[in-house]
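Put chains B and C on the given structure of chain A with help from the hints.
Below are the chains, spelled out letter by letter.
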Amino acid sequence: MIQYFSIVLLLIGIYGLLTQKHTIRLVAALNIFEIGLNVFIISVGYVRGGIAPILTSQANTSALLYVDPLPQALVLTSIVIGVGITALALALARRMYKTYGTYNLDEMEGK
Amino acid sequence: MTAMNVSDIIEIVIGVLMTLFAVVTLFSRKIFTAVIGLSIISLVAVVAFIMMQAPDVAITEAVIGSGLVTALFVFTLHAGKEEGEKK
Amino acid sequence: MKKFISLLLIACLGAFIFISLYFPGGGTLAFPYYGDVDLNGRVSQAYIDKSVNGPNDVVVYGESTDEESGSANMVTSIVVDYRSFDTLGEVTVLLVSTLGVGILLGGKRKRLEYKHAPNFILKHGARLTFGLLVVFGVYMFAHGHLTPGGGFPGGSIIAAAILLLYLADDEFRVKLAGIKIAEGTAGSLYVIIGLAGLATGGYFLYNFLPNGTVGKLFSAGIIPIVYALIGLKVGSEISGAIDGFATEEVAE
Chain A
1 MIQYFSIVLL LIGIYGLLTQ KHTIRLVAAL NIFEIGLNVF IISVGYVRGG
51 IAPILTSQAN TSALLYVDPL PQALVLTSIV IGVGITALAL ALARRMYKTY
101 GTYNLDEMEG K
Chain B
1 MTAMNVSDII EIVIGVLMTL FAVVTLFSRK IFTAVIGLSI ISLVAVVAFI
51 MMQAPDVAIT EAVIGSGLVT ALFVFTLHAG KEEGEKK
Chain C
1 MKKFISLLLI ACLGAFIFIS LYFPGGGTLA FPYYGDVDLN GRVSQAYIDK
51 SVNGPNDVVV YGESTDEESG SANMVTSIVV DYRSFDTLGE VTVLLVSTLG
101 VGILLGGKRK RLEYKHAPNF ILKHGARLTF GLLVVFGVYM FAHGHLTPGG
151 GFPGGSIIAA AILLLYLADD EFRVKLAGIK IAEGTAGSLY VIIGLAGLAT
201 GGYFLYNFLP NGTVGKLFSA GIIPIVYALI GLKVGSEISG AIDGFATEEV
251 AE
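Protein chains in written order, with this note's numbering: chain A, 1 to 111; chain B, 1 to 87; chain C, 1 to 252.
Extracted from the complex, chain A is given alone in its bound form (with noise of 0.2 Å):
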């Protein structure tokens, strides 16, 4: 069920992308896409009944049922990787307010 939210929530993000004029608002867009992207590769790999990849003292053999890591491992990396999209789209769009003197795409001139 959490899989069709997720691929609600990444229509949303794309129609927002589509749409919106604040560049601020742009950027929060691309962020509800990236969870809602990350939640769907998540649910890709899960198994009923698996337990968190971790062998710990009571899950303690490799013969339990699992829950598949690889998608895990994955997001990991590309969660950090949309901080950083994330802090260099605010960079550029505070560098455009400077020359601009607003967050409106419409109201931006040539200078």
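Do not rely on the hints blindly, as some may be mistaken.
As the list claims (entries may be wrong) - Under the rule of at most 25 Å between Cα atoms (straight-line distance), these lysine to aspartate or glutamate pairs were calculated in the DMTMM-like manner:
(1) Lys108(C) x Glu171(C)
(2) Lys30(B) x Asp106(A)
(3) Lys30(B) x Glu113(C)
(4) Lys108(C) x Asp106(A)
(5) Lys98(A) x Glu171(C)
(6) Lys81(B) x Glu109(A)
(7) Lys81(B) x Asp170(C)
(8) Lys81(B) x Glu171(C)
(9) Lys98(A) x Asp86(C)
(10) Lys81(B) x Asp57(C)
(11) Lys81(B) x Glu68(C)
In case anyone wonders, no lab produced these hints; they're calculated from the structure.
Chains B and C alone, transformed into the frame defined by chain A:
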């Protein structure tokens, strides 16, 4: 169609909350509300990751998504407000 | 009009995704339905059994020794052992993006002004909490091969501790020269460890230290070392980005 159990209900609640706050983020009148909405989506996504047995991802999302990214947004807004007042 | 076209586009895209994911129409599914994944025959099962190089017995926590990868946390064994080269590239992407932030928000800078000056208790209480948070971050990446966590959240927690100081103290600025040194040293050491693996084992980032018993603190070869380096690198990079955002350019 199997009977609904607790985890299914929690999943639906999480999904509806995420969709709701995504709409709030895109269509709120004040930009600050949009930033807080984004932070709440991140927090709810943490619960989704824990439901799907991914503790590593959940910790990373909790620290980065709802902590650091929100701080970067708020700093950007604050700087813009201050520069706007000077003009 | 533009909004209507966007909505139409999104509806088409959504229908396309839903149909291709859940109604294959005679073909095979791109992904199995939610929760119905069978890991047997996938590479993930080899990662769980630690049997990528060949068949292996069942791994037992606290007993098995000298496995392919000595990490009890399977996500960690993928991130910094099986796919470590991928992680090196990812850390490079983060370096490039913070470099971009440094260029865009560069120059001579001073702190943003707060409307209300922080008082004595806030400043010194934040310093006390800063120590605890840094210890927690170090714990996070030192135990990355045993418990959930690791270098990425650990480094981010250290960056969050520095963010706390920025929020609580209106004069605090991190020393950017120190951050550059920490970041550069961690990055270079990661590559040097990889080259040492190339010299001793025959391929880049080979795990050349003994793997030890699964579940012990001193186990898993180079994984704790590499994760500590990643933690330092991520922490210093994000702290540098925070410094760029919490300051403004001084008009010359």
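Against the structure, the hints come out as follows:
1. Under the criterion of a C-alpha separation no larger than 25 Å, the hint pairing Lys108(C) with Glu171(C) is consistent with the structure, at around 15 Å.
2. With a CA separation close to 18 Å, the supplied pair Lys30(B) and Asp106(A) stays within the 25 Å bound.
3. For the suggested pair Lys30(B) and Glu113(C), the alpha carbons sit about 22 Å apart, so the restraint of at most 25 Å is met.
4. The hinted pair formed by Lys108(C) and Asp106(A) fails the criterion: a straight-line CA distance of about 31 Å is larger than 25 Å.
5. For the hint linking Lys98(A) to Glu171(C), the alpha-carbon distance of about 23 Å falls within 25 Å, and the restraint holds.
6. Distance restraint check for Lys81(B) and Glu109(A): the Cα-Cα separation of roughly 20 Å lies within the 25 Å cut-off, and the hinted pair is therefore satisfied.
7. Between Lys81(B) and Asp170(C) the CA atoms are separated by roughly 17 Å; this keeps the pair inside 25 Å, and the hint holds.
8. Of the pairs offered as hints, the one joining Lys81(B) and Glu171(C) holds, with about 20 Å between alpha carbons and a cut-off of 25 Å not exceeded.
9. With a CA separation close to 37 Å, the supplied pair Lys98(A) and Asp86(C) exceeds the 25 Å bound.
10. Of the supplied pair hints, the one linking Lys81(B) and Asp57(C) is violated, its CA atoms being roughly 62 Å apart against a limit of 25 Å.
11. For the given pair, Lys81(B) sits about 55 Å from Glu68(C) by alpha-carbon distance, which is inconsistent with the 25 Å threshold.
Violation of the numbered hints given earlier is confined to hints 4, 9, 10, 11; the remaining hints are satisfied by the structure.
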